[in-house]
Amino acid sequence: MDQTRRDLLEAGWTVGGGLLIAAAGWTSFVALKPLASAGGGGVLPLLEPDAYPEGSATFVRQGRLFITRTGGELHAISQKCPHLGCAVPFCESSGQFECPCHGSVFNAAGEWISGPSPRGMDRHPLQVTDGRLLVNTAVLEEGAPLGSRKFDGRARGPRCTTEPAD
Amino acid sequence: MPATETDRPPVPRRGLMARLRGSTLYRSVVRTPGSDSPSGRALHAFGNVFLHIYPVRIPRGLLRFRSTWRLGFISSVLFALLFITGLYLMFFYTPAVSMAYGDMQQLRAQVGFGQLIRNVHRWGAHLMVLAVVLHLVRVFVHGGYKAPRQFNWVIGVGLLVVTLAYSFTGYLLPWDQLAYWAVTVGSGLVKYAPGVGNVLRDFLLGGETIGQAALLRFYVIHVAVLTVAFALLMAVHLWRIRKDGLVVGDTGVAHDVTARVDDRIALPAAEQADGVARLDDSRRVLGVVHVDEVPGRSRDPDDEVFSWPALIIRHQVIALAVCALVLALGIAFEAPLRDIANPNLTPEPSKAPWYFVGLQELLAHFDPLVAGVLAPGALVAALVALPYVDRNPSRRPADRKVALVLFWAVFLGLVVLTIIGAFFRGPGWAFVLPWEHLYFEP
Chain L
1 MDQTRRDLLE
11 AGWTVGGGLL
21 IAAAGWTSFV
31 ALKPLASAGG
41 GGVLPLLEPD
51 AYPEGSATFV
61 RQGRLFITRT
71 GGELHAISQK
81 CPHLGCAVPF
91 CESSGQFECP
101 CHGSVFNAAG
111 EWISGPSPRG
121 MDRHPLQVTD
131 GRLLVNTAVL
141 EEGAPLGSRK
151 FDGRARGPRC
161 TTEPAD
Chain P
1 MPATETDRPP
11 VPRRGLMARL
21 RGSTLYRSVV
31 RTPGSDSPSG
41 RALHAFGNVF
51 LHIYPVRIPR
61 GLLRFRSTWR
71 LGFISSVLFA
81 LLFITGLYLM
91 FFYTPAVSMA
101 YGDMQQLRAQ
111 VGFGQLIRNV
121 HRWGAHLMVL
131 AVVLHLVRVF
141 VHGGYKAPRQ
151 FNWVIGVGLL
161 VVTLAYSFTG
171 YLLPWDQLAY
181 WAVTVGSGLV
191 KYAPGVGNVL
201 RDFLLGGETI
211 GQAALLRFYV
221 IHVAVLTVAF
231 ALLMAVHLWR
241 IRKDGLVVGD
251 TGVAHDVTAR
261 VDDRIALPAA
271 EQADGVARLD
281 DSRRVLGVVH
291 VDEVPGRSRD
301 PDDEVFSWPA
311 LIIRHQVIAL
321 AVCALVLALG
331 IAFEAPLRDI
341 ANPNLTPEPS
351 KAPWYFVGLQ
361 ELLAHFDPLV
371 AGVLAPGALV
381 AALVALPYVD
391 RNPSRRPADR
401 KVALVLFWAV
411 FLGLVVLTII
421 GAFFRGPGWA
431 FVLPWEHLYF
441 EP
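Line by line, the protein sequences give chains L and P. Okay, so the first sequence: first residue is 1 according to the numbering used here, each after it adds one. Okay, so the second sequence: first residue is 1 according to the numbering used here, each after it adds one.
The reader is advised that the hints may include incorrect statements.
[Stated by the list, open to error] With a Cα cut of at most 20 Å, we get these calculated EDC-like pairs of lysine to aspartate or glutamate: (1) K401/P <-> D390/P; (2) K191/P <-> E141/L; (3) K191/P <-> E142/L; (4) K33/L <-> D390/P; (5) K191/P <-> E208/P; (6) K33/L <-> D202/P.
Since the hints were derived computationally from the structure, they do not count as laboratory data. Being a predicted model, the structure only gives us computed values, none of them experimental.
Pulled out of the complex, with its shape left as it was, chain L reads as follows (with noise of 0.2 Å):
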């Protein structure tokens, strides 16, 4: 095969202008990256766990969740939809999290419901420390998967939101 000298520089001007373009492209992409855990949370000391009773759910602000008591164990419910990222507020008359987004429902323990959330809301992780609860709002461990629910599905009351359509 002919291969001119017209050929290999063409070649070589293809090669290298990619190589710079996705040099260029790499570097960008490194320099405008998020910087590193931004707003990435901690410990954070709750009160002693008998503070929460049964049924309740009671939103810390400082960590944007809600800590609530189902079937007598504790929960660490971040309030973001694992949907489209809507804040989940608790209604008290259903007992259950109702998102205005687009009404998905989970139960108090944030377990799936209904509506297009693709799993349970996500956890953070809780421990007893000295009589004291801790949550770590720097470890997020995503909801359960859908159908595999532990705790009651049915609401204590009517709902917050309108029933959605389908």
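We have chain L already, so just place chain P on it with the hints.
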């Protein structure tokens, strides 16, 4: 003004204006003063940097309003309006979480015409999305994407994407509840892109949540990145419109001008006779394309008119009408400003801007990967691929039944989804009747 086809000697004028126009200073600025003669009209368009964007002569058919509905021109008028009002707003806006909302209130309360300018910017932006979409529909229906205009259609799709990106990034800047949650939902979609979703979303927001980094990024993208992109695409778009023989507007059969150029490059008989192709001689390459072979351009000089004044006056009238409409909207309707953004409280319901609300409606029925990533991705990909897939050269509606039916089906589907999402959805995305309670804020 009846056109006389011969150059008349200039009629001597008297008075102050005439003396001014005769002065050396005036003549050094306006080098080609218009006259009613054909050459005067040609020079007026040709010798002015701003009018130079127009060809000197255009096919008469282009003067008909319905040849283009002037939608591309209206889009560019709106862009100019948004550029000017945006510059004004930049003097009063700080892209900082602690300042942005306060700046909005200050704009409303203290800055002269501040609220009006903001209203004009907001309604102008909505109208521009509408105008760009309608322009796309018009070009499709007229078959304007067919050869040789395939690539200009792709550029146009790029301009549509940039317009939507403009709207979306601008939406966050007031830093109110409307802004914060619409962008939360919108950027939440990005994370469903397979593989790269989370990285891409964090890159766009500068972190995991919408905060200071996100506001600054959106601001820089809105005022600088997109403006450069828009200007470049616009320049290519307009340049190609002229190179491809202006507008079609008819429903004839598309000519493939690219094929003709190739033929001629292979052809020049004189050069081939002596066995030497001199096409690298730039003066000869200029001769390769004859103006009269560009399709859409009338070969009959009697069927052409001068851009100045025929087309340019029409454009000026339309530009004035667009400005008047946006100003009227700005006076009549306030741009919404809700409470300051609160990451702990999602308002009910949280809706995306109207042009994305159809997507949000789709989200209520499908997996986010399908509704939020694959569906819009496929739509843009289909638009880009359209002129290369649809090889049917005819622009007559009767010959394009499949393309037209498909197009209208998708378009009407989007319109229906948007109407349902905008007017028939309430808290928790539950179905509501708009005449009972309207949950919609533009």
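Here is how each hint holds up against the structure:
The straight-line distance between the Cα atoms of K401/P and D390/P is roughly 12 Å, inside the 20 Å bound, and the hint therefore holds. Taking the CA atoms of K191/P and E141/L, the gap is about 17 Å. The hint holds against a cut of 20 Å. Annotation: proposed proximity of K191/P to E142/L holds, straight-line Cα distance about 14 Å (limit 20 Å). Annotation: proposed proximity of K33/L to D390/P is violated, straight-line Cα distance about 41 Å (limit 20 Å).
Pair hint K191/P plus E208/P holds up; C-alpha atoms about 11 Å apart against a cutoff of 20 Å. For the hint linking K33/L to D202/P, the alpha-carbon distance of about 8 Å falls within 20 Å, and the restraint holds.
Hint compliance for this structure: hint 4 is the single one not met.
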